[in-house]
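Enquirer: Just need the whole structure built from these sequences, with the hints factored in.
Residue numbers (the working numbering), protein chains in the order written: chain A, 1 to 411; chain S, 1 to 411; chain F, 1 to 411; chain L, 1 to 411.
Treat the hints loosely; a few may be bogus.
Copies of the same chain look alike in the list, so a pair counts if it fits in one copy or across any two.
With a Cα cut of at most 35 Å, we get these calculated DSBU-like pairs of lysine-lysine [to be verified]:
1) Lys177 / Lys245
2) Lys231 / Lys245
3) Lys381 / Lys177
4) Lys231 / Lys177
5) Lys231 / Lys381
6) Lys79 / Lys245
7) Lys79 / Lys231
In case anyone wonders, no lab produced these hints; they're calculated from the structure.
As the structure is a computational prediction, the values presented were derived from the model and not from experiment.
Number of protein chains: 4
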Amino acid sequence: MTTLAGLLSTVFDRRYVGSAAGDRRDIMTLCSGLMAARDEVSGMDLARRVLDRYRGLDDDARAAFFGWLAGEMEIDAGKVATALADYSADPTPLAHAALMTASEPPRQDLFRRLNRVPGATGQLVEMRADLRRAARTDGALTVVDADLSHLLRSWFNRGFLVLRPVNWDSPASLLQKIIEYEAVHTIDSWDDLRRRLQPADRRCFAFFHPAMPDEPLIFVEVALTRGIPGKIGALLAEDRVLLPKAQADTAVFYSISNCQPGLAGISFGNLLIKQVVADLTAELPGLRTFVTLSPIPGLADWLTAAGVAPADDAALRQAAAHYLTRERRGALPRDPVARFHLGNGATIHDIHADADPSASGQRQSRGAMVNYLYEPDRIAKNLEGLNEGRIAATRSVQSLARQAQIPEAQA
Amino acid sequence: MTTLAGLLSTVFDRRYVGSAAGDRRDIMTLCSGLMAARDEVSGMDLARRVLDRYRGLDDDARAAFFGWLAGEMEIDAGKVATALADYSADPTPLAHAALMTASEPPRQDLFRRLNRVPGATGQLVEMRADLRRAARTDGALTVVDADLSHLLRSWFNRGFLVLRPVNWDSPASLLQKIIEYEAVHTIDSWDDLRRRLQPADRRCFAFFHPAMPDEPLIFVEVALTRGIPGKIGALLAEDRVLLPKAQADTAVFYSISNCQPGLAGISFGNLLIKQVVADLTAELPGLRTFVTLSPIPGLADWLTAAGVAPADDAALRQAAAHYLTRERRGALPRDPVARFHLGNGATIHDIHADADPSASGQRQSRGAMVNYLYEPDRIAKNLEGLNEGRIAATRSVQSLARQAQIPEAQA
Amino acid sequence: MTTLAGLLSTVFDRRYVGSAAGDRRDIMTLCSGLMAARDEVSGMDLARRVLDRYRGLDDDARAAFFGWLAGEMEIDAGKVATALADYSADPTPLAHAALMTASEPPRQDLFRRLNRVPGATGQLVEMRADLRRAARTDGALTVVDADLSHLLRSWFNRGFLVLRPVNWDSPASLLQKIIEYEAVHTIDSWDDLRRRLQPADRRCFAFFHPAMPDEPLIFVEVALTRGIPGKIGALLAEDRVLLPKAQADTAVFYSISNCQPGLAGISFGNLLIKQVVADLTAELPGLRTFVTLSPIPGLADWLTAAGVAPADDAALRQAAAHYLTRERRGALPRDPVARFHLGNGATIHDIHADADPSASGQRQSRGAMVNYLYEPDRIAKNLEGLNEGRIAATRSVQSLARQAQIPEAQA
Amino acid sequence: MTTLAGLLSTVFDRRYVGSAAGDRRDIMTLCSGLMAARDEVSGMDLARRVLDRYRGLDDDARAAFFGWLAGEMEIDAGKVATALADYSADPTPLAHAALMTASEPPRQDLFRRLNRVPGATGQLVEMRADLRRAARTDGALTVVDADLSHLLRSWFNRGFLVLRPVNWDSPASLLQKIIEYEAVHTIDSWDDLRRRLQPADRRCFAFFHPAMPDEPLIFVEVALTRGIPGKIGALLAEDRVLLPKAQADTAVFYSISNCQPGLAGISFGNLLIKQVVADLTAELPGLRTFVTLSPIPGLADWLTAAGVAPADDAALRQAAAHYLTRERRGALPRDPVARFHLGNGATIHDIHADADPSASGQRQSRGAMVNYLYEPDRIAKNLEGLNEGRIAATRSVQSLARQAQIPEAQA
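Expert: This is the structure in structure tokens:
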């Protein structure tokens, strides 16, 4: 729906139902009215008022609203018990329906009713970001987040997402968001952005949702290269020599950024990489290698905690290899980026010292970076292995890990 | 996603996971595999195989599959009871989550996993059409339909729908579907279609969903007129005089058709009318009246059942007025089209005999038709009235109803 | 410019300059005013009035207007002589400019001024169609046509044309024109059209001009086949088996139609074929052969004139081979379609009897058809040959021609 | 034509005609070949080679090429004389055509043939920029410029231009050009640009040509205000208060920039203003006043030349009023910006001292600026007046001019 249509729709609703401006009911009362609305017209109007009202609330009022959602819009255990007893006695469709109704927290229906308003999806995503912040200090709100994320997961499923290239012909309003959302290698300026988007050996792709057409959900920056690079500086350098794209044999995913805190936990990265590999392969049949150049965000903290102080680059690479292949959180790697790529079926291909001289690179990993390799033929096997606790790494990385000097208490 | 991208995506998946052609597992086994899949890549591949497999099934095999969904993918009442007891004892977020999981039939998650495949939404809509047919002879399938329609209602909520004008510049492939889906006044030929779309005093609008961009969900045909018409023939006549659109004061909704049997029960009509009124008002500020010229599909059957045999046009109008304003199904009008428009807040404005000479018009209502009037200022009040059992009709229609000669047993 | 913008522009001009409705000046006076206009605003207004006025003229008034253009808007030979004398005496830039002005008929500037109005280009194309008709009975108008076609050739040069595929997703309003403009194998119905556009082994492409975005200039219909076909019926049959497009090795151009009589003599066909070959090659690298299945429109008339009465299919093929390779108009082939394809560098590849059973096929060529083959590597050589009077044909066609029994007076 | 299609077209041509890389003929020889080409295929190939070759030439070689165009591609006065004699003796269409051919310099046809190559139009525009530079030192080239500008004027006529809004959703690649081409009030940064494009009370519009879709020809920046502003600083200030667009009653054209030096002398500004007034009026019916806030680029130089040294702001305004209303170049105002706006029918509305504190504002006009007012109802009358030597100015501006103290020699 275009903005114009949205405007008209608003105008029309106001004609139908009267201005919301003088409506003094609080947001909880409006929500209750929305749940009770029997016709679409008044329901839509009330949904719009709820969303307008929410926008005007301060943090405390929002927390109070979330508390109300957690408490008043919760299931009634007694009713569930009654419905369950009826269903167990005679599992008719009617009894089944009654049980379904009783066991679904009413706030789920509230969120669905709010989502009917054009443009509401983006607001619900923002609401979840608020909710997650509030839930950090009030654990009881976790149940509200469970319901809202359940719905968002359903609404943002892969079948609804659209992959679009982002390039120097993209709208400036979108590019401004790319600058803002870039989370791995900060974009300093529009010139820096242009260097990442305009050259023929650079690409960027993002997922979008039709109900939030101006908001990227996640994006990946890609460099086309010959061979696998080991230093981020060479990729981003202002004065680098352009590679004619026909000569490229490697696509390097050097930055992946999630854009919407309100969609935390709803993973798009794996599907994004897979789709981008497919699109690039179709465009450039000469590409043979799909690989990342990734940060190791947890390395420095772990080194400190483990009392490991690598004396030189060689020792740092060994320690990083140990950290990535042997340090776990449950059965999975301890490092979050490793968890993501290995969980997609990639292989740890190589580790580089002195690869990211930026302040954040030094702070996170003392400048070390890692290549995760995506090999279509090995992905299924790697995933099977991971399910059985094996981390996929090349022999040379495994060898590095074996050479690492780790204090016994940690090894 | 474009067809090309879809194709590539398929190609790529095949490279990843191997061809599905030789896969001899039955659809139930594939579904179980999909539910167990722990990574996105193999999950997507299995979802695609399930959908491919489903397409190849005959009616009996589909019925068997639905039966399996109803039986094996049902909640386990015992597990619900256990989870409910835990939650009642100590309503922690974890206990809440466990109860939510136990009380949601696993087939809901199955449908969501299937929907991740690009293009799957349309197939799920078709699956529901099959399911509804099958449920007519096997009531046990109703619970599957309840779950699938629950999800479709969430995915097809108003916020995701897009209104688009349909006109003579629309793609022929879309217009072919309009011809096919028109359910009220059959479109005989492309020339007939052109007469309804091309003239400056004719309009057509349809709702679309981004995941099914080539499939209209519902559409309405509109004639711009001076005054409220009482005969459908005048609107559709080949040789009628065109009205300069600046002279139009009335928009007549003379045909509304739902296109997707798989979305039955998920109502778009009210929102469609509302949005079209808003868009037309913005374009043509001279429009004052928004009205339908509607069939009365249940009239003839009711006349027969009630033993009413109107002697002339006047008596037919009286009987129709009685039928529309007094004959009920519960608190609502007995006539399905009346139920729809009155349920949107419209008023019964006038009744016409000899209005639809077509075979279906004669069969359904002995040629009678009705105008439902949409007045923004009265809609809220009409809806309130309807909630209290009052049917909105003009004085003249009420007067007609009072004059009707109905055998006592019926009146 | 969209229609809306066009409308606004009109509205605005009317505000500026006053309504044209009451303007009683004749079209010649308006044209003189336009030539004298010193500012853009009044010039644009007058140009629009001229075009409006022209539309309202009947055939006689148009002929009178063309006569005025030929007479009054002609060069003044005396002024040319003076300017030429000045220039010859002292060829300064000023003298050059004066000569240029004197030797260009003022109607050229008039046409350019008319063309400034948005939408005018299409009207000038129509005006030229009128003009060509009028010139058939009034040879003096030829000079006007020379000037107008000079300008149109400049405005419709290849650099401004846009190639667009025409398919079943194209606007119905465009497809309606395709039905209307098809000049070779009549399209009977929308179903017939769909059979030519929708299947994966059928294509259609058209050239458009940005100033006439809704009007195709020329289009070609293409069938993808295995091997070179010899009968049009097999290509158009309703019940033919679809060819998976990956199996196609041949693209058959079986119908090329010019759409705009007002652009007669401004050739787009060669460029169209060339561009379509390029686009198809890029999409379907498996295509090896680009060939036509073409009518022989002049064959039957020539047979009659030459007193040749082929006794059987073999004799008809021989006679056709003779006609195509030996009968000339100047140095070029006598047959207009042969002239076109040989003039593009194609080779006469094969001749088929009993190939077009339609009434027009029988009338034009007694059912015979011909394949012209486009071989990129031979085109330059064929064109050189043609410049020297040699017609490119395969050995088998040359052999057929030698066997033809042609009465001596003709051979 | 898309870049992809352009690429394919190139690839295909190379297949047809062989690589141009080894072609050692000089550009003049290639041009002669192009003029002699009898078929489209080889003509297109040669045209492409000419354009490629031209791009590789240095300034001296280009000057030599222009000299060749001026000399060798000139009309032959003897042939014109012969053709004129024939035509004067017997003005047949053939004699007319021969005269037309003889009196058109062959380079015009050369430029038309070059323009057939997709993308050539932009290169010809650049060629004219080079040509105009070269003509400054070699007056003989003026005749080439006359021919090239004659053709460009025909190709860039208003009917082919497209007006597009430029805003913060426009492609970054386009906005980068806006930054570069802004000629009146320099755009410092992307933030500065955003302040001019994104707010609801700011607009920008540009004309484009379909054959150069990524290149603006001219653009205007507009501020929506209440009342007529007198200082540019207030319009561009970073911290200004946004005006709700419904409250705006005035549209201020505060910057108009031509983008293509190769289109110098082909005026788009008047039509741009007219179209923008029409579009804004349609969108915002509350707009009553259309006005500029313009520089007075010739003021400071004239003050110096005239020996006028205004003592204060009041004296500066008086001197500026005198300069704008009384100092002429021929019958028109001496100031180039005044010439443009008065030539469009505008009125000098007011003059402001201390209005543009920028360095260029001080240098050009000692900080003074002027409002030109566009009143639809007065434009025709103002233009008539201008034709008779009267400059349209308000009474207050006329009064200012009368008060100016100008040394007698100048007054």
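Enquirer: At most 35 Å between C-alpha atoms: does Lys231 with Lys381 qualify within a copy, between copies, both, or neither?
Expert: For Lys231 and Lys381, only the intra-copy Cα distance (29 Å) is at most 35 Å; the inter-copy one is 54 Å.
Enquirer: At most 35 Å between CA atoms: does that hold for Lys231 and Lys245 within a copy, between copies, both, or neither?
Expert: within (20 Å within a copy, 45 Å between copies)
Enquirer: Reference check for the pair Lys79 and Lys231, CA-CA at most 35 Å: within, between, both, or neither?
Expert: For Lys79 and Lys231, the Cα distance exceeds 35 Å both inside one copy (61 Å) and across copies (54 Å).
Enquirer: Cα distance capped at 35 Å. Does Lys231 pair with Lys177 within a copy, between copies, both, or neither?
Expert: Cα proximity of Lys231 and Lys177: in one copy and across copies (26 Å, 33 Å).
Enquirer: How do Lys381 and Lys177 come out at 35 Å by Cα distance, when the copy is not named: within, between, both, or neither?
Expert: Answer is neither; intra-copy 37 Å and inter-copy 45 Å both fail.
Enquirer: Taking 35 Å as the upper bound on the Cα-Cα distance, should Lys177 and Lys245 be classified as within, between, both, or neither?
Expert: both (27 Å within a copy, 25 Å between copies)
Enquirer: As a check of your reading, is Lys79 near Lys245 (CA-CA no more than 35 Å) within one copy, between copies, both or neither?
Expert: Classified as neither; 65 Å inside a copy, 54 Å across copies.
The structure is inconsistent with the numbered hints 3, 6, 7, although it conforms to all the rest.
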